[in-house]
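S.K.: Keeping their order, the protein sequence lines are chains A and B. The first sequence: position 459 = 459 (the UniProt record's numbering), numbered continuously. The second sequence: position 300 = 300 (the UniProt record's numbering), numbered continuously.
Some hints here could point you the wrong way.
[Stated by the list, open to error] Label-pair distances were calculated between CB atoms; the ranges are:
(1) A:Asp-383 to B:Leu-238: 22 to 30 Å
(2) B:Leu-238 to A:Gly-228: 44 to 52 Å
(3) B:Asp-179 to A:Ser-347: 36 to 44 Å
(4) B:Tyr-129 to A:Asn-293: 46 to 54 Å
(5) B:Lys-302 to A:Asp-383: 33 to 41 Å
(6) A:Met-43 to B:Arg-127: 47 to 55 Å
(7) A:Asp-383 to B:Ser-151: 47 to 55 Å
(8) A:Arg-272 to B:Gly-274: 39 to 47 Å
(9) A:Val-336 to B:Gly-119: 55 to 63 Å
(10) B:Gln-186 to A:Met-43: 45 to 53 Å
(11) B:Tyr-129 to A:Ala-303: 43 to 51 Å
[Unchecked claim] Rough simulated footprint, nothing fancy, chain A against chain B, three-plus residues with beta-carbon under 8 Å:
(12) 54-67
(13) 93-100
[Unchecked claim] With a straight-line cut-off of 20 Å between C-alpha atoms, the simulated SDA-like cross-links for lysine to any residue are:
(14) B:Lys-176 to B:Phe-60
(15) A:Lys-178 to B:Arg-103
(16) B:Lys-264 to B:Pro-281
(17) A:Lys-178 to B:Asn-338
Hints listed in this document are in silico derivations from the structure and should not be mistaken for laboratory results. From a predicted model like this one, the values you see are computed outputs, not experimental measurements. Backbone N, C-alpha and C fix where the C-beta goes; we use that ideal spot for every residue, glycine too.
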Amino acid sequence: MGLLSDPSLSTHNKLVDNLAKHVRKLCLALYTAGVVWFLCLAMPEFNHGTYLSENALSPGLVYPEIRIEANRLAVQLLEELQRERKEHQSTTPHAWIAAKFQEFGLETHTHNYTLRYPFGDGKEFHGKNIYGILRAPRIGSTEGIVFSAPYRVPSSVHVDITPSVPLLLAFADFARRKNYWAKDLIFLVTEQEQLGMQAWLEAYHDGDKESDSSDAYLRAGNLPARAGSLQAALNIEVQDLEVDYIDVKIEGLNGKLPNLDMFNLVQRIMAREGVVSGYKHTPRKKRRSHQSNYEQNLRQMLAMLSSQASGVPNGNHGLFHRYRIDALTITASKRVTNANVKSNPTSAAVPLLKAIEGIARSLNNLLERFHQSFFFYVIVNNDRYISIGDYMPALIALVACTFIKAYLTWSTLDVTVAATQSDPKSAGGKSTLAADTMKLSLPYGSVLIYLTFVLLIGYCGNVLPLQEYFSKLPLSAAPLTASILVGLNAIGFVLPFVVTLPPGGLELLHIGLLLIYGCAMIVIGLLNFSLGFFVAVISMPLIIALNTKASDKSMRNLTCVWTLLLNPLVIIYIIVLIMSFYQFPELTALQLLPRAASAAMDAATFALIDSVIYGNWLYFVVCTIFLPLWIISWTLVVGKRRDVEITKTKLKTN
Amino acid sequence: MQNTKMTVKQNMLLKGIVLCIIFIAGCAADHTTLPESFVNAAQQSTHTNNWAVLVDASRFWFNYRHVANVLSIYRSVKRLGIPDSQIILMIADDMACNARNPRPGQVYNNANQHINVYGDDVEVDYRGYEVTVENFVRLLTGRTQNGTARSKKLLSDAGSNVLIYLTGHGGDGFLKFQDSEEITSQELADGIQQMWEKKRYNELFFMVDTCQAASLYEKFTSPNVLAVASSLVGEDSLSHHVDPSIGVYMIDRYTYYALEFLEKVQPFSKRTIGEFLQVCPKRVCISTVGVRKDLYRRDPHKVPITDFFGAIRPTRVSTERINVTLANEEDFVNDVANVQPKKEFKIIMEPQFTAELLK
Chain A
1 MGLLSDPSLS THNKLVDNLA KHVRKLCLAL YTAGVVWFLC LAMPEFNHGT YLSENALSPG
61 LVYPEIRIEA NRLAVQLLEE LQRERKEHQS TTPHAWIAAK FQEFGLETHT HNYTLRYPFG
121 DGKEFHGKNI YGILRAPRIG STEGIVFSAP YRVPSSVHVD ITPSVPLLLA FADFARRKNY
181 WAKDLIFLVT EQEQLGMQAW LEAYHDGDKE SDSSDAYLRA GNLPARAGSL QAALNIEVQD
241 LEVDYIDVKI EGLNGKLPNL DMFNLVQRIM AREGVVSGYK HTPRKKRRSH QSNYEQNLRQ
301 MLAMLSSQAS GVPNGNHGLF HRYRIDALTI TASKRVTNAN VKSNPTSAAV PLLKAIEGIA
361 RSLNNLLERF HQSFFFYVIV NNDRYISIGD YMPALIALVA CTFIKAYLTW STLDVTVAAT
421 QSDPKSAGGK STLAADTMKL SLPYGSVLIY LTFVLLIGYC GNVLPLQEYF SKLPLSAAPL
481 TASILVGLNA IGFVLPFVVT LPPGGLELLH IGLLLIYGCA MIVIGLLNFS LGFFVAVISM
541 PLIIALNTKA SDKSMRNLTC VWTLLLNPLV IIYIIVLIMS FYQFPELTAL QLLPRAASAA
601 MDAATFALID SVIYGNWLYF VVCTIFLPLW IISWTLVVGK RRDVEITKTK LKTN
Chain B
1 MQNTKMTVKQ NMLLKGIVLC IIFIAGCAAD HTTLPESFVN AAQQSTHTNN WAVLVDASRF
61 WFNYRHVANV LSIYRSVKRL GIPDSQIILM IADDMACNAR NPRPGQVYNN ANQHINVYGD
121 DVEVDYRGYE VTVENFVRLL TGRTQNGTAR SKKLLSDAGS NVLIYLTGHG GDGFLKFQDS
181 EEITSQELAD GIQQMWEKKR YNELFFMVDT CQAASLYEKF TSPNVLAVAS SLVGEDSLSH
241 HVDPSIGVYM IDRYTYYALE FLEKVQPFSK RTIGEFLQVC PKRVCISTVG VRKDLYRRDP
301 HKVPITDFFG AIRPTRVSTE RINVTLANEE DFVNDVANVQ PKKEFKIIME PQFTAELLK
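If we strip away everything but chain A, and leave its shape as in the complex, we get (with noise of 0.2 Å):
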């Protein structure tokens, strides 16, 4: 006989009547615990100041030897540039850039990579890397670092980043006449903002292993030389040479993120050199708030996960977490031109040329990938951070009564189980007897069968939408998804109402929610903490109030309402409301809505596209997970009320 099938336990016992009776209070006690922890970690007293725990690092030993003319050549490179921008308006000047790397020496590839788009209908996109690897003079080609820097054609949207490639050929100018790299250095210049840097990744890893890559969406194609395992990456977006303040960005796919140490290298360096650099830095102007200090750090701590819940990377550094290398993106922000800074345009992008140098030599100084320092972290502060260890347990408070919730419900289930079932005239004595096997007799089956065919509609949404046949049908991509996702839901709003489950079969399924969200929680919130830690705070209210016995018609209707507004498609459409409400404050709440509607369906398709080329799973948990717990929670809310009026009807003909 199991542990929890043994009859000896599962009596009525003290400790399962006094929690039957403050079990809500618990649950709300640490809830709130929870939540008070996490705010509290924005308070020194909770956080570290960060240090740089490799010893190999040694930053800042050496002086940095790049000097003026490295500056000059930046300068005199982004002139010829802008010329080719001229004739370049919607390609990239792959001739020159080329050019520029052999004419310094390097040894120079080219990448071509296909993109087969998923929604169009066979339509394909084509681009092209170009890389030059500087060998290691005096090592085997064993170990590798990336310098890249994204080109953005002059018809993109985004913000002018061209002098980033006149930067990095700079320092691989300076970088190939030094002796003492242990490490090849592969200078890289991407196009078509992260797919190209996703392809090169892809080629350099698995490009030789492919046969057969007719099925894959994104044509990686392979590379004609590589650098051995690539140790660390560098990616450098600069706005202008003449340089306000760096931004250092490291959120990468999935919310995964470098480790620590190589963000305090980057800050450490660049305070050295004296450029001005910070973790989401924003303008001088906004920084001389009045704000407390405790304030700034909760800020700084909700801004990183906001920015990691999505798991979207912000920089081409966050494709490289994906094959553990460790990476991340120094934007360097154009200074605004001011009567009393003087600008020197012939040095003044030396001490950021120095600082690369510094970072690179350090790089060049490790003996092995990063290890030491931390790779799961919330940075409240430039040189402060939170470890894992600290705020894993303000997560955990919030997710751990719903095991609580379970063992409860398991407890007391022979009762409620006898006593909507026997006879209550009989119910006395034999009470417990009836319970023993009644617990062998709750109908597993149907509800495993039920929890199978929720699943099956999450599992669904991930496939249905690339099917060929929807793909065929006279749709674009946005509307096809969301239409799909829609039917998906409207079928587990209706399931509830169809299937009826066989008496307890509810409680059985109340359990297995409560485990199911528990676990899926908590794993989540170790690979992407942010993501489990915002969907446990505003769904843990509503698994703390089902209950499949409540009474108060009120609380049954609140939580109904609650579930609603819980859906996964109606999050995201809040979501995006509160967006476009703050991004576009000059339209009327009746422009709002159907544009907030045709944005969410957007993000939709582009959450599926992101799945299916960058391997981001925020599609696929929100499909596959949430959509099935928030099945199996709405089959709770309305189910009950069935099984309470069949009963009642039951009563009624006795």
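Please arrange chain B on chain A, whose structure you already have, making use of the hints.
M.R.: Below, chain B without anything else, positioned relative to chain A:
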């Protein structure tokens, strides 16, 4: 037979007792000092040859300074006369040929890059992954494996003064070798005790520059051992300075000041070990230098430093032709008769540190 033996024993005992009484009486009569000749004899150097075991136990580029430490000490003992055949040099990593070294094939011990301590005449006996705890203990105790080259053996005898210099990363009671193993202070003490039992040294000078270095000599019990450590238990040993063109710490503080002292020592110098033990006061070393003298019978202030850092026999450099076997041959006799006396010359080794360096 047994009877006679007994009587002999009894006789001896009696004599002993009488002698004791005389001795005690002598002491009581205020003759507290030992006979002068005996005292002087005890303070005399008693060794016949010198050996040095110099070990850098740590690898990786950022531990450049440990290699510089050991190479500098190597250079000093060689300058003071210990031949390469009697120096066992163990270096755990190849800094000179590290791909990160902007000066390929060279190792410097100060930022002025005045002399390359990894010069032409460096004989590394144990290199790279050969530097292990096992090899080190085998070397000390003379239990090298069959087929070990003669240059990799410590062929010392009961008349040898042995200098052991260790540098690397240490902790309380251990010194890390490579990145994978440690030698404990107990293992070191056992090794030295075996050396004593196997008559592999006359006197031993143990010098160690690591963090918590003093913990390494705590377990020693063997006689005639003098030990000095760069830091006490609980203290870190610190590096001296950085060379920003190479990008690493160049040398450790204790070794730096020890070398500064050794640089002034010439082969016939009157400098003593006692002075050497005070080279690095806390003011400059930051860590406290630990000394263990209780196992050593001589007064360090009367022991010339060349007893450990140099070779015993004063060598004379001859610039004339000397024939040791064919002394009767005519041409040689004629040669000697006709030879012009050559000018005297002096070998000058370049100083390791220049005067203007980082005062």
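S.K.: All hints are to be evaluated individually against the structure, with a verdict given for each.
M.R.: Here is what the structure says about each hint:
1. A:Asp-383 to B:Leu-238: 22 to 30 Å: Holds, at about 25 Å.
2. B:Leu-238 to A:Gly-228: 44 to 52 Å: Since B:Leu-238 and A:Gly-228 have Cβ atoms about 36 Å apart, the given range 44 to 52 Å is violated.
3. B:Asp-179 to A:Ser-347: 36 to 44 Å: Because 43 Å falls inside the window, the suggested range holds.
4. B:Tyr-129 to A:Asn-293: 46 to 54 Å: Holds, at about 51 Å.
5. B:Lys-302 to A:Asp-383: 33 to 41 Å: violated, 56 Å
6. A:Met-43 to B:Arg-127: 47 to 55 Å: Taking Cβ atoms as reference, A:Met-43 and B:Arg-127 lie about 53 Å apart, which means the hint holds.
7. A:Asp-383 to B:Ser-151: 47 to 55 Å: holds, 53 Å
8. A:Arg-272 to B:Gly-274: 39 to 47 Å: Given range 39 to 47 Å: holds, Cβ gap about 45 Å.
9. A:Val-336 to B:Gly-119: 55 to 63 Å: Given range 55 to 63 Å: holds, Cβ gap about 57 Å.
10. B:Gln-186 to A:Met-43: 45 to 53 Å: holds, 47 Å
11. B:Tyr-129 to A:Ala-303: 43 to 51 Å: holds, 49 Å
12. 54-67: That given contact holds, which follows from 3 residues of the segment 54-67 of chain B lying within Cβ reach (below 8 Å) of chain A.
13. 93-100: holds (count 4)
14. B:Lys-176 to B:Phe-60: holds, 13 Å
15. A:Lys-178 to B:Arg-103: holds, 11 Å
16. B:Lys-264 to B:Pro-281: Given that 20 Å is the threshold and the Cα spacing comes to 18 Å, the pair holds.
17. A:Lys-178 to B:Asn-338: Since the Cα atoms of A:Lys-178 and B:Asn-338 sit roughly 59 Å apart, the hinted pair is violated (cutoff 20 Å).
Checked against the numbered hints given earlier, this structure breaks hints 2, 5 and 17; the rest are met.
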